[in-house]
Amino acid sequence: MQLDAKQFKRDRAAALENKPLRRNLERAMTTIRGRRNERFSQFVDGEALQWIGHAIKRNALANLPDLLEQLEEQLTSRGIQVHWAETTGDANRIVKDIAKRRGVGLVIKGKSMVSEEMELNDYLAGHGIEALEADLGEFIVQLAGEPPSHLVAPAVHLSRQEIAVLFHDELGEEYTEDIQAMTALARRVLREKFQQAGMGVTGVNFAVAETGTIALVENEGNGRMCTTVPPVHVALMGIEKVIPRLDEMSPLIRSLTASATGQPISTYFNWLSSPRRPGEKDGPEEVHLVILDNGRSSIYADEELRETLDCIRCGACLNICPVYSRIGGHAYSTVYMGPIGKILTPQLAGLEKGGHLAGASTLCGACYEVCPVKIPIPDLLLRLRREGVQPTPAGIATLKGAGAKASLGEAMVWKGWRVVHNRPALYKLMTRLLGFAGRTLPKRMGPLREWSATRDLPKAANRSLHHLLRDRSNAWEAGKIRSDSE
Amino acid sequence: MHPPVKREYPSKPEAVYFYGTCLVDTFFPQSGLAAVELIEREGVRVIFPQGQTCCGQPPFNSGYHREARAVAREQLALFPADLPVVVPSGSCGAMLRVHYPGLFAGEPEAGAAEALASRVFEWSDFMVQVLRVKLADKGPPLKVAYHPSCHMLREMKVRDAPQSLLAQLERVEVLPLANQEECCGFGGAFSVKMGDVSRAMVADKCRAVRQSGAELLLSMDAGCLINIGGALDRLERDSGGSADAGKESGPSWMPLPLFIQQRVTGGVQPAGGTASLGAQPGGGHAA
Ligand code: SF4
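Chains L and V, in that order, give the protein sequences.
Heads up: the first sequence is residues 0 to 485, going by numbering that gives the first Met the number 0.
Heads up: the second sequence is residues 0 to 286, going by numbering that gives the first Met the number 0.
If you're looking for bench data, these hints aren't it; they were derived computationally from the structure.
Be a bit skeptical, because a hint or two may be false.
Claimed, not checked - Here are the simulated DSS-like cross-link-like pairs (lysine-lysine), alpha carbons at most 27 Å apart as the crow flies:
hint, chain 1, residue 1, chain 2, residue 2
1, L, Lys-8, L, Lys-427
2, L, Lys-427, L, Lys-414
3, L, Lys-8, V, Lys-192
4, L, Lys-192, L, Lys-95
5, V, Lys-192, V, Lys-11
6, L, Lys-18, V, Lys-192
7, L, Lys-399, V, Lys-192
8, V, Lys-156, L, Lys-352
9, L, Lys-399, L, Lys-8
10, V, Lys-137, L, Lys-414
11, L, Lys-399, L, Lys-352
12, L, Lys-5, L, Lys-352
13, L, Lys-5, V, Lys-11
14, V, Lys-11, V, Lys-156
15, L, Lys-5, L, Lys-18
Chain L on its own, in the form it takes in the complex (with noise of 0.2 Å):
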């Protein structure tokens, strides 16, 4: 995945004229809104549950190296291993050191966006060890060797026909559109697998510090199979996971569901605390808890920043964006999509690289209004845009690439506009300029090229309302203010 404007530019066009997978997008995200929205409906408030969502994650960072600190402890005191990672790099190695000492050949994996962002299918591949996708939506992607393109459903781009296409050609079983049978089919592969896996690993959606529990919310089944049947379990976590108390994790949980499938709950709610202990009959040996920071503690370190962090991985801001819902997950060359991508990807990855993501977003802020935590994403786009350009001075040094966005030929244009819109005269000199030229703008010319392909251009008018107004407010304007101050 190239990670630059250019290449966004490319692929989101590509996009835009993939007639199958806008069908295929517009046809599940239609969907997904609907079901998101009855179940906030139906909720006394959901507006309020959100508001509490996000003081409870608000809280949370407030504390988190407390949390972090808390959450160990009491891990390791029921016989989780807990492991730091600064990188990606680290947590690999990590993961891998444990499946060679264990002298395992496959891992079979429930989803774990953090395993993408660490490319840990591959890193493993490198060293010879197999690893399997076990949520339903990311064995296809496997299959296809796409990443995913949904935080949620990895392979929403794909129609039941195409991954039909792909089942067939793939595991070279009869052709079937039918989804019972084709679901029937992932099971009995995935099944044997995990008989076989020596090591699973799972992504975590919530930790609570005060009890040491592991919280993993799916619907498949697979999740559990992944943290109960194979003799280790690995789970992978970004720093932010952490929550103070067990009681903060209901809201969080239906606001989580509501938001990214609709669902009161979802069909599998996993609360791991330890491995097996002596007596049980199941559950793993080992139980590993590998914890990520890949630049998180940078994004923690600015305060307005770090709400990035709050975000609990529902897709919801996905399926509004008028953005996302038109070009789908994989234009972007990112592991995180959409809204929260496009404010995250610019902060981990820089913003020389991903500083053109902040751009990609009219600030309509359906994403902020059904996000679930609150997340101002707007607002953090704005941010980041002007970091792009004009860095805060001293102090923040935690945004990789401040400035890199700075452009001499539009810092130019805004400076001129500066000028006009800074003299009323000169600006209403403009605006009759414009008055007059405004049936002969070239429109063939730069910009405006990019409007007029299916769009008339406006025509400005004659007269303005500056002119229209003119007599009677100039004169009613300097009475009623000398009155003020008598």
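Given chain L, put chain V with the ligand in place with the hints provided.
Coordinates of chain V with the ligand only, in the frame set by chain L:
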């Protein structure tokens, strides 16, 4: 960020400031004038500071806060008396009300920005909540659709006011749009910087408008109207338009204040001495 607090509205003032916005000033002055006259009709005097230019949103949204602040500073000084500032746009209104305090945080003008923010009202909201206008419809039966702008909905938090003005017009039927609250794809610089995505968005919006059965599309935001209207007009021309005898013409479009004025005054109203606009394709353009 905190949960929004429900806004309290003042009682009817003696006078208000009117902040026309650069887009209305340049492209829809007749609608700006209509908005002013509809306020005056309620016995409230309107002050239009001639020093106003632009709220600063274009550079602000592009990251150029220094330039935005320099111009915003001049705008801040335009409203010395403690009177409401009425803005015929959700987007520019939100710039003044929602973003000025942040833009001036830590600056000498911080207090002034906060004070101004608390006095800013979007026009339709002001008409409904403060002036409590009663509209008598004098126009012929008409089917319209309304496009709520994103900043109006989600930053100014004005959802119902424009619709409730329209609901007062007896012979106007307001038809729903598919995905009504989805962005039209304007987004200022976005419309040219991400022109491809922007065009895909406005194409969908046009489809929704055309499928709604509305003869006229209304909105409070000039940016959205330029975008959707420009695309509707192009579609209309490309498909032969009303020149084609067998075909019905597609929907036209207009800023909401101008429409309301036309309805309550009994049709097309010559205003301010210039030719005014009819409800025909591209009717939003001042002639
Ligand atoms: S930013 Fe909010 S809406 Fe988007 S995935 Fe994260 S929690 Fe969900």
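Structure-based check of all given hints:
no.	hint	verdict
1	L:Lys-8 x L:Lys-427	violated (37 Å)
2	L:Lys-427 x L:Lys-414	holds (18 Å)
3	L:Lys-8 x V:Lys-192	holds (10 Å)
4	L:Lys-192 x L:Lys-95	holds (19 Å)
5	V:Lys-192 x V:Lys-11	violated (43 Å)
6	L:Lys-18 x V:Lys-192	holds (23 Å)
7	L:Lys-399 x V:Lys-192	holds (23 Å)
8	V:Lys-156 x L:Lys-352	violated (35 Å)
9	L:Lys-399 x L:Lys-8	holds (23 Å)
10	V:Lys-137 x L:Lys-414	violated (48 Å)
11	L:Lys-399 x L:Lys-352	holds (10 Å)
12	L:Lys-5 x L:Lys-352	holds (11 Å)
13	L:Lys-5 x V:Lys-11	violated (54 Å)
14	V:Lys-11 x V:Lys-156	holds (21 Å)
15	L:Lys-5 x L:Lys-18	holds (22 Å)
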